[in-house]
Amino acid sequence: MTLLTIDRITKAFGDNVAVDAVSLTIEQGGVVGLIGSNGAGKTTLVNLVSGLFRADSGSVTFEGRDITHLSVNERIRAGIARSFQLVNLFDQMSVLDNVALTVFAREGKTGHMLRPAEADVAVRDESLAVLRQFGVHAKAETPASELAQGERKLLDVAVACALRPRLLFLDEPTSGVSTREKAPIMDIVTSIVRSDRITAVIIEHDMDVVFRYSDRIVAMHQGRILADGTPDEIRANDEVTTTLLGEHVHQ
Amino acid sequence: MELLIIQTLNSLFYASILFLIACGLTLVYGVMRIVNMAHGNIYAVGAYVAAWTVGLAVAAKFPPAALFFVLLSGAGAAALLGAVLEPTLLRPLYKRAEEYQLLITFGLLLILEDLMRLLWGAHPLTASELPDAFGSFRVAGATYPGYNLFVIAVGIVAAGALWAFVYRTRFGVILRATAQDMRMAAALGVDVKRVYVLAFAIGCFMAGLGGAVVMPISGAVLGMGVDALILAFVVVVIGGLGSLEGALVGALIVGAVRTLGITYFAEIELAVLYLIAAVVLFVRPTGLFGRA
Amino acid sequence: MNARVSFGPLALAAWQLWGSAAVVLVLAVLPWLIDPFQTLQISYGLIFGIAALGFNLLLGYTGLLSFGHAAFFGTGAYAAALALKYLGVKSMELYLVGGVGASLLLGVIMGAVCVRYTRIFFAILALALSQVVWSLALKFFWVSGGTDGLRLPTPTLLGGLVTPAADKTAFLAFQYYYYVLVVFVVAVAAMWLMVRSPFGKALQAIRDNEVRAEFVGVRVRRYRFIAFVASAGFTGLAGTLWVPLNGLTTPDILYWPFSGKIVFMAVLGGFKTFLGPIVGAFAYNYLETFAVGYTIYWQLLLGVVLVVLVLAIPDGLVGSGVKLARRLRKAP
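Chains as they are written, first to last, in this note's numbering: chain A, 23 to 273; chain B, 127 to 418; chain C, 5 to 336.
By construction, these hints were calculated from the structure, which means they are not laboratory data.
C-beta: ideal position from N, C-alpha, C; glycine also.
Incorrect hints may appear among the rest.
Distance ranges between label pairs, derived from CB positions [as the list claims (entries may be wrong)]:
no.	chain 1	residue 1	chain 2	residue 2	range
1	B	Arg294	A	Leu74	32 to 42 Å
2	B	Phe391	A	Asp29	14 to 24 Å
3	B	Val318	A	Leu74	28 to 38 Å
4	B	Val316	C	Asp152	54 to 64 Å
5	C	Gly23	B	Trp246	48 to 58 Å
6	B	Phe391	C	Phe294	39 to 49 Å
Could you build all of it, start to finish, from the sequences and the hints given here?
Structure follows, in structure tokens:
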């Protein structure tokens with residue numbers, strides 16, 4: 023089933039056309055890797071679909087519904103969520119509260135003013151379950167700021183997953199994390215994504231991670247889609263390897 | 127017709143004073159992202175120091191023409207004060223949330239308020255020799271105090287000098303670069319600490335100058351700083367925080383409203399000012415010339 | 005809530021419950037143990053405690069520093085005084101309804117403008133708008149009494165059940181004191197529930213990361229607005245309670261340095277804690293009383309205290325105490 027249809031979406035910042043008439047279809051299920059050099063337009067594309075940016079032209083359809091003009095809030099309610107490249111957490115709040123707050127918001131319970139949050143057992147249980155899934159429940163009462171970087175990245179994804187989205191965008195979930203920790207993080211994330219039947223689009227620079235965990239890879243370059251296919255097809259695609267490997271060599 | 131000339135000149139007079147205060151506030155914010163709650167009291171310090179030195183000069187029988195230069199001492203003292211305050215009180219807070227600057231500068235406001243009381247007592251100081259010395263002029267059929275024209279001239283010269291300094295000198299380039307991107311400027315070798323101290327000192331100089339030139343008319347009075355800060359805030363809210371053009375335009379608008387207000391709607395003058403500010407914010411949320 | 009202890013939620017609540025009960029008990033017997041002047045000081049502490057608590061809903065929990073809360077305190081006060089002047093109202097309950105109602109209304113008006121902004125601009129805007137209220141009180145002197153202000157003699161309490169006695173000081177030190185104490189307890193309980201509720205968590209999320217808050221579905225601007233209005237109501241309540249004690253309301257409490265005092269109280273006690281603002285209000289009240297009695301340059305003294313506070317003890321009295329306790333607990 024087609025989950026997301028992006029039709030000729032464009033976004034320019036002054037003279038810089040970050041996303042240039044991109045069209046893309048995402049089917050339900052599986053993990054899509056989104057790769058490209060810096061400035062290729064990957065994050066901008068995610069920002070456009072998640073609602074942070076308004077498209078200059080083009081449309082986005084999610085589960086048959088035109089979401090091009092919906093607010094961030096409305097898109098979340100529709101079932102789209104995202105995590106952030108630079109960890110974006112509620113630092114002074116506990117790990118548990120980070121997720122609990124998300125569940126409260128999802129359930130529409132944030133308007134409750136005169137009842138302690140702890141009293142809501144259902145929310146608490148669900149939040150602890152999410153923390154357990156991501157392996158951070160031991161630190162439930164710790165402020166989010168005191169977690170190690172890898173755990174913070176996991177928590178960032180956990181918060182997005184707590185929204186029970188059907189489409190999840192993960193913006194460089196392993197960036198800033200040591201090579202040792204990357205696989206464990208990706209193992210956890212992809213297993214949850216598959217077991218909870220979330221369709222995931224993962225922006226990544228680490229090619230090993232991308233090729234190992236994606237069912238499908240979309241390569242972008244200078245605001246356009248360069249190639250789209252299975253990991254094997256992309257690996258065999260000379261244009262992709264030259265453009266991206268070329269960039270990597272220079273790095 | 128005569129009334130119109132006087133109203134216009136009065137508006138320009140207020141606008142000059144307001145610009146001197148507000149441009150310092152907005153410059154400091156633009157470069158350092160600091161709002162100094164004690165900025166009004168720096169203006170007051172300028173007034174008090176000027177009143178004191180002019181008093182000494184008059185006692186020493188200085189000619190009235192020289193008194194103008196003595197006035198500048200108020201601005202100089204304010205600048206010196208700023209140069210001392212920035213490294214001691216503000217620098218430790220740059221790494222912290224910006225609300226802390228408001229807190230510390232509010233504390234500074236309390237300190238300065240009482241320091242002025244301590245040094246100069248509770249009675250207002252003035253220097254009426256200056257306005258007397260300037261006499262009156264006939265401007266397009268109306269009689270207008272010469273001193274007020276002088277203040278307008280000071281305002282225009284200050285605006286011009288500041289503009290030239292920021293947009294036409296090498297240091298101005300450094301200042302603007304630091305304002306736009308402090309980290310980048312530092313990476314390119316700019317001594318940000320020095321830029322900050324200088325920017326703050328310039329801002330204080332302007333406020334002190336405002337206090338100094340208004341003192342012969344309104345006197346140096348306890349509480350003048352606290353009152354002035356509010357008006358300075360209206361000016362930068364309308365004009366846009368961080369913009370010198372905004373400070374100029376804002377000052378002109380507020381000056382005009384104040385002049386009309388005193389004549390036609392004295393009770394609700396401040397409310398009208400804020401209504402205007404609210405309308406401006408509705409149309410341009412960052413003020414007329416403000417950046418996001 | 006910032007106290008991160010590893011008790012289960014129930015044990016934490018019990019500890020807090022017994023502690024609070026003890027404090028309330030002590031406050032209840034105080035008038036019998038100390039002289040009336042001291043009791044009045046405690047009353048002022050309780051009243052400013054409510055004001056600072058209300059203020060801190062915005063600062064500590066929502067991350068918005070308002071330099072305009074004098075407007076709400078003053079509105080609460082003037083509402084009562086005007087109710088007496090124009091409607092002949094003498095009942096404290098009616099004063100409270102009018103005062104809180106007027107403050108909430110002002111909160112809606114000011115909040116609608118202010119919450120579109122954050123941080124410094126928010127602080128300045130709140131200050132600026134509060135000054136409009138001040139200027140109106142000053143200029144419309146035939147309504148507000150101008151700089152002389154308006155008088156308010158002691159009101160009747162509990163719908164007329166308790167009427168002021170001839171000895172005004174005794175009335176204020178006993179009947180009125182208990183009235184204030186009860187309102188204080190209710191206000192603190194309501195605020196405690198509010199900040200512990202899902203709504204309170206949403207505010208904290210907004211404080212910590214407004215982008216992420218938006219991205220988990222929290223309506224940031226709407227909640228800031230609600231917090232602003234609630235904060236206004238609490239501070240207005242304090243203002244209404246304040247007038248009978250002070251006997252008089254003047255434009256001073258609408259003037260923006262008074263907003264600064266409220267900020268000072270919260271920072272002195274520690275704005276990152278729940279109790280901090282209350283402790284800070286008491287401490288500030290005693291500090292100011294001492295300073296005024298000690299030197300004519302009491303603003304200088306207070307200014308220095310604030311500067312030292314910001315530079316050296318930013319967590320305030322309670323905040324530093326909590327940090328110290330945590331460190332001691334961790335040490336072997």
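To see whether the hints hold, each was checked on the structure:
1. B:Arg294 <-> A:Leu74: 32 to 42 Å: Between Arg294 of chain B and Leu74 of chain A, where Cβ atoms are some 40 Å apart, the hint holds.
2. B:Phe391 <-> A:Asp29: 14 to 24 Å: violated (57 Å)
3. B:Val318 <-> A:Leu74: 28 to 38 Å: Since Val318 of chain B and Leu74 of chain A have Cβ atoms about 31 Å apart, the given range 28 to 38 Å holds.
4. B:Val316 <-> C:Asp152: 54 to 64 Å: holds (55 Å)
5. C:Gly23 <-> B:Trp246: 48 to 58 Å: Given about 50 Å between the Cβ atoms, the range holds.
6. B:Phe391 <-> C:Phe294: 39 to 49 Å: holds (44 Å)
In summary, the one numbered hint that this structure violates is 2.
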